[in-house]
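Line by line, the protein sequences give chains A and B. Going by the numbering used here, the first residue of the first sequence is number 1, and it counts up by one from there. Going by the numbering used here, the first residue of the second sequence is number 1, and it counts up by one from there.
Think of the hints as simulated: they come from the structure by calculation, not from any bench. Here a beta-carbon is modelled for each residue, glycine too, at the ideal position from N, C-alpha and C. A few of these clues could be false.
Some, not all, of what chain B presents toward chain A, calculated at C-beta under 8 Å [what the hints assert, rightly or not]:
1. Glu29
2. Arg38
3. Tyr39
4. Glu40
5. Tyr48
6. Glu58
7. Gly143
8. His165
9. Val166
10. Arg193
11. Leu200
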Amino acid sequence: MDTRSVGNDGMNDQIMDGRTPAEEDPALHRYLVMLPAVQPTSGFEDRVLSRVWRPYPQWHRRVSAAGLTLVETGEIWFWVGALALGSILPLVAGVTLTATFSAEIGSGIAWLVEEGIPSVWAAASADVMQQFESLATRVSATGLDGRALGAVGLGCVTVLAGCAVGLRRTITRSR
Amino acid sequence: MSLSGMANPPEISTATDQQVVAQARDGAEAAYRELLRRYERPVYSLIYRMVRDRELSEDLTQETFVKVLNALDRYRPEFKFSSWIFKIANNAAIDQLRRRGLDTLSLEGGPDATTPDRVDATSLQVGAGGESPLEELEARELGHSIERAIGQLRPEYRACIIMRHVEGRAYDEISDILGLPLGTVKTYIHRARAELRTALGHLKE
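The following block holds chain A by itself, in its conformation from the complex:
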């Protein structure tokens, strides 16, 4: 075993390399390992991370770098041109089809505006109104006056808000 004299204060003791702290001084080590474990309070990680700047993910940096390269080299104009040319074909096709079937398209739109949408709207609003009327009938059947109903409504809103706040605190604490 490699042993060597240490220090320059004239001590006779020798510290041998390769030994564990417990082997070097068993009695003292027994005392020192009895010191209790300590740790920061909860939420420490989040407090630290809120003060740490984190770089953007690699994919983000790659995309940004690629975009910058396109601009710096002028290649961006080539790709913009190619995109514009590529858009011409579907644009021309769309205009041609619209011109060819303009009569059919016009009558379809006219039907939708004059009959389709109004009939769907009427059916939906009639259904909603029916539901409201049914609810109003049930509420009036309870015999409560306006103030009592207002108080019940306020109570419901308060309970709902309390639940939302409690849920938010629970989620925050569990992080």
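We have chain A already, so just place chain B on it with the hints.
Just chain B, lined up with the frame of chain A:
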């Protein structure tokens, strides 16, 4: 597209510190959390045993991590990450002790503890749980004696003995962390042990 060039990152919990740092440099929040998870306790423990004030220790630990995590780009993987972070933590603790003009510590609360709350926050927590009241009292007394003895050491001795016996660090790593020659570290540990043996001489084996 070929994916052969894209190496899968290693499982973070089993990755080496260097691998975790590499992932953190890539912006992975999980990697930052992993570094915190690995080192928050030992770093806090070292600082706490040096400055002996829970609130202050937490502040210094936080400063240490903020400094380290914001400077990951400057970390050189050929060195141990643990040495780097402990070096910064130790420097923070030593600076704090110098600012307060403290060489040694009292057990019953820090020097700035003027209220019962502060005394409680700065007094040392000793003794293990799960014992009978008598055993707990004895463990507490023993723990007090040990903490008192450590608190009376010079800060350099204290740092050395804590890193060696409480953190289980190797001599060369302690030397690296404290920026001291290996021989000096061994001398400090030798002297610290001698002082602790004297201070704890009244305790039964």
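Going down the list of hints, with the structure as the test:
| no. | hint | verdict |
| --- | --- | --- |
| 1 | Glu29 | 6 Å, holds |
| 2 | Arg38 | 11 Å, violated |
| 3 | Tyr39 | 11 Å, violated |
| 4 | Glu40 | 6 Å, holds |
| 5 | Tyr48 | 5 Å, holds |
| 6 | Glu58 | 5 Å, holds |
| 7 | Gly143 | 6 Å, holds |
| 8 | His165 | 4 Å, holds |
| 9 | Val166 | 6 Å, holds |
| 10 | Arg193 | 6 Å, holds |
| 11 | Leu200 | 6 Å, holds |
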